[in-house]
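Respectively, the protein sequence lines represent chains D and W.
Everything in the first sequence is counted per this note's numbering, starting at 1436 for the first residue and increasing by one.
Everything in the second sequence is counted per this note's numbering, starting at 1436 for the first residue and increasing by one.
Hints listed in this document are in silico derivations from the structure and should not be mistaken for laboratory results.
Incorrect hints may appear among the rest.
No copy labels: a pair is met if it fits in one copy or bridges any two.
As the list claims (entries may be wrong) - Pairs of lysine-lysine, DSS-like flavour, derived with a Cα cap of 27 Å:
1) K1695 to K1474
2) K1493 to K1668
3) K1767 to K1476
4) K1604 to K1676
5) K1844 to K1783
6) K1472 to K1553
2 protein chains.
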Amino acid sequence: MKDIYNVGLIGFGTIGAGVVETFNRNLNLMEQKVGAKIKLKRIVDLDIETDRGVAVDKNVLSTDINDILEDPEIDIVIELIGGYEPAKTFILKAMGHGKHVVTANKALLAKHWEEILKTANDNNVRICFEASVGGGIPLLEPLNERLAANHIKSIYGIINGTANYILTKMTEEGLDFDEVLKEAQDKGYAEQDPTFDIEGHDTAQKLIILTILGFGTYVEQDKFHVEGISKIKQEDIEFIKNELGYSIKLLAISRIEDGKLEVRVHPTLISSDHLIASVNGVFNGVYLIGDIVGPVMMYGPGAGMMPTASAVVGDCLDIMENMERPNIYGPKDTEVREIKNIEDICSKYYMRLTVLDKPGVLHAISGILSRYDISLESVNQRRKNEGREVPIFLITHEALEKNIRSAVKEIDELDLVKEATLFIRVLED
Amino acid sequence: MKDIYNVGLIGFGTIGAGVVETFNRNLNLMEQKVGAKIKLKRIVDLDIETDRGVAVDKNVLSTDINDILEDPEIDIVIELIGGYEPAKTFILKAMGHGKHVVTANKALLAKHWEEILKTANDNNVRICFEASVGGGIPLLEPLNERLAANHIKSIYGIINGTANYILTKMTEEGLDFDEVLKEAQDKGYAEQDPTFDIEGHDTAQKLIILTILGFGTYVEQDKFHVEGISKIKQEDIEFIKNELGYSIKLLAISRIEDGKLEVRVHPTLISSDHLIASVNGVFNGVYLIGDIVGPVMMYGPGAGMMPTASAVVGDCLDIMENMERPNIYGPKDTEVREIKNIEDICSKYYMRLTVLDKPGVLHAISGILSRYDISLESVNQRRKNEGREVPIFLITHEALEKNIRSAVKEIDELDLVKEATLFIRVLED
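With the rest of the complex left out, here is chain D (with noise of 0.2 Å):
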């Protein structure tokens, strides 16, 4: 135990702003906490001369780096900056310098994860990252730690806030994506460039990370399959809701099945009863399936200012209180033998097929569909409209995903069919 702990801040933009606002604000909590001084001894960005918004003093301000990574009294090093470089050459040089880390930056965990705790553990430093993923949610400790009894069978999330926002708007409100996606832009709930969030890339690097964490198992990237949400029509939506009693949702998923772990990101069916189907707007929630304990779900802001800087400085006061702690991410000896490739899964799905309303067309898919061993659960054409173009919605019993492939490219080849056919996977608990 030290009479003081120094911590050194790497990035002072909206996330490293919350963290000095923390500080500010809740100091004399924190220190009781952990039975000691703590200080925010040196914040390192290129840019000191900006207005933040929040109290700071000047000395503290720094545009070199070797002021955090040099000086032998910081303990702790935040970094906040994101991204892959300068951030991962400053973990590391940290690490090399006796320091722990936190991070919120799940971009360079999720691709350089066994480096950065390679060189964690061979420093004798924790790496903490509970920010990463959720946000302000205490997620990553609870599913690390207080389940670590437990085998986890199933994790299924919520975690990017800004597709869900563009979900939930379009459910609630009955608007097509775009008019929501450009909403969310001018509330600054979506980038300009909205790329990352709508078609799963972020999502995926969170789940690489809640991988590790309950299966033991790392998953490059370009490994598993990773979809968005800018195919989804408002008529998917209301046909979803109104007629199934299902909501929509960009779910990331990891879960073993027969031995192997499917890893998948991608808009998914659930019943409006599963809790999850009430995460709405810009939280999150992870529902997660343990061996002994059943299912459990977390549940708040998965981004923004304070909420993640509650997770940020939550790190700091753990190492606090326990700097000696080994870095043991996930289970050690995993269960699991192999990734299974998404063409292998099993699952009911959601159709919407574009076609020319004429006699014959729907003999024409059930048709292809047979020959493919997929059986219908239900067929829907809601508008006649003889000659012209009509949605025709159709569930799936369960079938292989490399069958629905084969067939809906064929559909897709059919003249009467004008528009590539939209599947959407269904999950059931």
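Could you slot chain W onto chain D? The hints should help.
Below, chain W without anything else, positioned relative to chain D:
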């Protein structure tokens, strides 16, 4: 770090059998997590003959408590006999022998918190009790550690599965309280004497523990308002759901209002859009608001053999990973200066009055309410039945509880009022 950790289990009931089963199934996983051997060295119970349905080495069983208390090799004692005595004596003695303690005993903690904590600290041992509130849900540690950078502003939770099951069934199936209670008893979800669960006493004990962790304040059970669900009728549920878009939940509430702490257990109206309204059946959910993080919720199985065992064993692993951690529960320097009397709270209220359907009845009632400064948001008499008893449903604007109580007392003295008026507090975020 030791090579082997020995655990002693006191109490081989349902949860105890769950702990044994967890050791049987997942010992390998647990040992890898901790990096040492783990042994369930001794199980003590008065009855060591009855088959608990789990595999257990006969040599591990004993009826002599001293086989645990006086065995110097045992590092951690799990207490699962419940109740006050002999549980308390055993726990204090175990601590006196330098053993760390894990317990799920909410009754004991709620009553003797200060003595137990002091004894643990005097003996430099840890006391862990994750399973005492919310069963298997990772809840207390996240609140106490992960959110340690936050001043907690508000906690409200559904932490009794029996009461929640009954309210859920009444809501979903339109049944009356007595019918559902009987069904719950038949299914084993409710005790033959259900008082402890349905009148809120179990919830109150758990709330005491949550209040320690959230606000650093110990409140005795007879110092706060505790009210159960037995007066709720199907007509309340129905009106609240269909006309108001609200749900009734038995909530444990602990929150700071104007520097004073409100601690209360009672049925509560909460908007059906609120995530906690989606916590159904025997499940538990606790919603927390921190000043930095904002709102978070943890959800899962609040009771049961295996879920509770998951939390108990999780505590054991946590102790093995850090035997030196001091017992710091809740903020040290609490913001709380005073516990607010229930009469001083401010709330909206739902009221169900049973009156004779006669001209003038509403005039009489509204006169009383207005004299007590209570204004109405809505009044609803859905049935006409001239000269007979009918229910009237009222929603008030924000009012002081003491005024509500005085008004209800006067109203219930009117000749036209035929049954004690029910009032239920409304919780708004």
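Under a CA distance limit of 27 Å, which applies to K1472 and K1553: within one copy, between copies, both, or neither?
-> Cα proximity of K1472 and K1553: across copies only (24 Å, versus 30 Å in one copy).
How do K1844 and K1783 come out at 27 Å by Cα distance, when the copy is not named: within, between, both, or neither?
-> within (18 Å within a copy, 58 Å between copies)
Alpha-carbon proximity between K1493 and K1668, which holds within one copy, between copies, both or neither at 27 Å = neither (51 Å within a copy, 63 Å between copies)
Within, between, both or neither, where K1695 and K1474 count as close if Cα-Cα is 27 Å or less = neither (47 Å within a copy, 31 Å between copies)
Which holds for K1767 with K1476 at a C-alpha limit of 27 Å: within a copy, between copies, both or neither?
-> between (36 Å within a copy, 24 Å between copies)
Between the shortest in-copy and the shortest cross-copy C-alpha distance, which are at most 27 Å for K1604 and K1676: within, between, both, or neither?
-> Answer is both: 13 Å inside a copy and 24 Å across each meet the 27 Å cutoff.
In the structure shown, a violation is registered for the earlier hints numbered 1, 2, in ascending order.
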